[in-house]
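*Asks:* Residue numbers (this note's numbering), protein chains in the order written: chain L, 3 to 537; chain S, 331 to 456; chain R, 146 to 308.
One or more hints might be untrue.
Here are the simulated lysine-lysine pairs, DSSO-like style, with alpha carbons at most 27 Å apart [unchecked claim]:
| # | chain 1 | residue 1 | chain 2 | residue 2 |
| --- | --- | --- | --- | --- |
| 1 | S | LYS448 | L | LYS348 |
| 2 | R | LYS260 | L | LYS212 |
| 3 | R | LYS219 | L | LYS212 |
| 4 | L | LYS340 | S | LYS347 |
| 5 | S | LYS445 | L | LYS340 |
| 6 | L | LYS340 | S | LYS448 |
| 7 | R | LYS178 | R | LYS219 |
| 8 | R | LYS260 | R | LYS194 |
| 9 | L | LYS164 | R | LYS260 |
| 10 | S | LYS344 | L | LYS340 |
| 11 | S | LYS347 | L | LYS348 |
| 12 | R | LYS260 | L | LYS78 |
| 13 | R | LYS178 | L | LYS212 |
| 14 | S | LYS347 | L | LYS375 |
| 15 | R | LYS178 | R | LYS233 |
| 16 | L | LYS312 | S | LYS423 |
| 17 | L | LYS164 | R | LYS199 |
| 18 | R | LYS224 | L | LYS212 |
Don't read these hints as lab results, they were simulated from the structure. Computed from a prediction, not measured in an experiment: that's the story for all the values here.
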Amino acid sequence: MINVRAAPARAAAFVKWRRLFGRADNPLVHGIARLPAKVRTKLLVSFLGIAVLLLLIALLGLRVLGQSNSRSESLKALEERAAGYQNLYTESTTFRDLLAYCAGGADVGKFLNGGRPAPGSTRDCLRSIDRTVGTALAGLGTATRLGFEPAADEAAIFGQIKGDYRALNGLVARITASSRPSLALHARAEVFADDLKIAAATLANRTQNKTDALVAQNRRAYSGSRNLFLGVGIGAIGLALLLGFVLSWSLIGPIQRIGGRLAAIASGDFSGHVDVPNRDELGDLGKNVNRMNDELRRLYRELEATSRHKSEFLANMSHELRTPLNAIIGFSQVLREKMFGEINQKQQEYLDDILSSGNHLLSLINDVLDLSKVEAGQVELEVATFSLREALERGIVMVRERATQNGVQLALESDPNVDLVEGDERRIRQVIFNLLSNAVKFTPAGGRVDVRYQQLNGELRIFVADTGPGIAPEDHERIFDEFHQTDEGAQQHEGTGLGLALSKRLVELHGGHIWVDSELGKGSTFVFTMPMGSA
Amino acid sequence: MAGDQILVVEDNEKNMKLFRDVLEATGYRLLEATTGEQAVDLAATHSPNLVLMDIQLPDIDGVEALGRLRGNERTASIPVVALTAQAMQDDRKRFLDAGFDGYISKPVDVVEFVKTVKEYLRKEPS
Amino acid sequence: MKKLLIGATLVGLALAGSGYGALSKSSGTSVQKQATLYQIESIERTWHKAASFKNLNLMMSIWAPNSVAVIGGKAYTGKADIRTLFSKAGPFQPQNHWLSDTPAYKIRSTVNGNKGTLYFECHYIDIDTGKVAIVVGANLDVQKINGKWLIAHLSSSTPTLQP
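Could you put together the complete structure from these sequences and hints?
*Replies:* Written as structure tokens, this is what we have:
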């Protein structure tokens, strides 16, 4: 999170940096998006690129390792030689020191003894070491067998060493052969021994220098390679990250934007277009989303227009169909009420017929319009929580007069625990009235209509049972069709044949079901279900 | 009460005849208008005791005419009842929200019609 | 691209560095070598100056720590022993009025980095008699320690008494 309390300059710079490395508005991201290559190709190329970089690094690493390995082998070889020459030097030093014991003769004794002659003779000294001189020389001889070939620049010096050794061999042979120790022979041996020692020192020193140089070279080469390796590695990682970031944003950015647009479309917002500058499949996707957006917008508008037309039509029809009926029913009523004079029996009879037909036509129109509305999806339920018991009671009240006329008993069995339901009260009352009036209509005198309800599986079931003639099983579904009437119903010339069809639609709109349990001669029980209301 | 003047706004001839005959037979005086404009003028001029207005009129619709009546001081307090063939729930609610004092659905039941008119006239402040 | 350039530059630098390093590892010009040999040979001058003036401290100043002298049938190890050696040596006895001298043309010196060798003969002349008292020679292994050339090892030699 940016610490807003930081120095303004720092914050501004950070924001600028952020934008440069930010998302879709980054020019680099935009550039990649604009590349006219398939997404698959872009991905493939970048992964191949990364693979190539990895390969490069691997090859570099191998080369560096190889070089390092060969250097350590050379170093080992050099160390072998150094050891050989060092050995040679040591042996030559031992030999020379042996000669030094008795070197100088009597004068050395005087030197050491404050100028006065020293006790012990040179000859005795010589005799004492002559025995060991041969052994020392043998040791030197072994050392001259190096076990390796001297290098080109060492060959000359080594030749010198061998020459000195041969000379020493000769001299020592004479020393051991002679019966009398000879200082002169020793003195000559000293010369060759000195020379050999110096040559050996040179060789050892030179080899040491070569070793040091190689070690230093190793160190330099190592740090050089390491830096190169690190440089290339970091470079490769940086490049890979950059590429990955840029590529992914050029792909993800569009996907996110398209997702956003689709979500907006799903919520009904067709106002915007998505901007996907890509020249690959995502670009095509974006274009298609935009086309879909425009098409949906067009269809939506058409749908709205159509819907509007339908409602207008139905409203108009409602008005147009009812208007003449006003005159038919109205004038018939006026005459019937004797508002403008007396009427005779026959006139009264005819007027009654006209009135009842008019009313019948009116209920037909109402039902047809209702049904059309429901069919056209024009009916919107006004859902609320209401009392089922009340609705049932009112329905009963509405048919009570008729029931009493027909000699049919009405009863409502209410459940005090269950009452509230969710739905459009008016429509449900319509359903209840339809079922009740059917029940009363089709129950002969002396029969009864029982209404009850119960809760089952989270929904309410309402039962309207009559003791009428019953309905044959093959008709159980057909009766809910439009304009179907059973024979009895048709005989009575009542009803529109639409009641049950409308009731079915209305119940189903509420998410419920309606059906009939009935057998011929055993009465009918109409059942419909409703979702439970919140208490 | 008898002698009250009722303004009936209705564009259909036969319907108007029905209303006329029934109301005059009951003893009311009638004012007749066939358009909304006419209705507003007549109401302003004559100040009837009740206005019965058809919703679907040729020029301005009933709701707008009502608005004008309510806008005019002289006519603002006259009860206005809607006569409507659109007897659906939503429509009823719409009329009541618009400011109609009541509605009568067409086709009218003549007996009910007379009863309702008498009620609205009784409600009128003297 | 930038990273590639940086990488290439690093490689170039590394190569240049190692090359330069290799070149500059030479053991120096011949002038430098002459100077070094001169420094080594100055050990002889100090030796004989010390011997002539019986300056034991001066004598010891040209010996390295842990130096060894193989002379007269013995190996003297360490400066303490060697000091004892010289304290008993002829040139340092007060009763001997000796002047020490060396045939300069017989001086041989070599150098190999920080190590070298030096050969010289010492002629000790009795001033009183004017005759040569003793002639001795020595082959020295010298070492440059802390910037100063010192004697690390002395092997007694038999002078040839010939030019």
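*Asks:* Hey, LYS347(S) versus LYS375(L), does the alpha-carbon distance stay inside 27 Å?
*Replies:* Violated, at about 32 Å.
*Asks:* Are the Cα atoms of LYS219(R) and LYS212(L) separated by 27 Å or less?
*Replies:* Distance of about 36 Å is beyond 27 Å: violated.
*Asks:* Under the criterion that the straight-line Cα-Cα distance not exceed 27 Å, is the pair LYS260(R), LYS212(L) satisfied?
*Replies:* The given pair, whose Cα atoms are some 16 Å apart, holds under the 27 Å limit.
*Asks:* Would you mind confirming whether the straight-line C-alpha gap from LYS178(R) to LYS219(R) stays at or under 27 Å?
*Replies:* violated (34 Å)
*Asks:* Hey, LYS260(R) versus LYS78(L), does the alpha-carbon distance stay inside 27 Å?
*Replies:* holds (24 Å)
*Asks:* For the pair supplied as a hint, LYS178(R) and LYS212(L), is the alpha-carbon distance within the 27 Å limit?
*Replies:* This hinted pair holds, its Cα atoms lying about 19 Å apart.
*Asks:* Against the 27 Å threshold, does the CA-CA distance of LYS344(S) and LYS340(L) hold or violate the hint?
*Replies:* holds (19 Å)
*Asks:* Between LYS340(L) and LYS448(S), is the straight-line Cα distance small enough, at 27 Å or below?
*Replies:* holds (19 Å)
*Asks:* Please work out if LYS448(S) and LYS348(L) have their alpha carbons no farther apart than 27 Å.
*Replies:* Judged against 27 Å, a Cα distance of about 32 Å means the pair is violated.
*Asks:* Given the hinted pair LYS164(L) and LYS199(R), is their Cα-Cα distance within 27 Å?
*Replies:* violated (43 Å)
*Asks:* So if I understand the rule, the pair passes when the alpha-carbon distance is 27 Å or less; does LYS164(L) with LYS260(R) pass?
*Replies:* Holds - the C-alpha atoms of LYS260(R) and LYS164(L) are around 23 Å apart, at most 27 Å.
*Asks:* For the pair supplied as a hint, LYS178(R) and LYS233(R), is the alpha-carbon distance within the 27 Å limit?
*Replies:* violated (36 Å)
The structure shown violates the earlier hints numbered 1, 3, 7, 14, 15, 17, 18.
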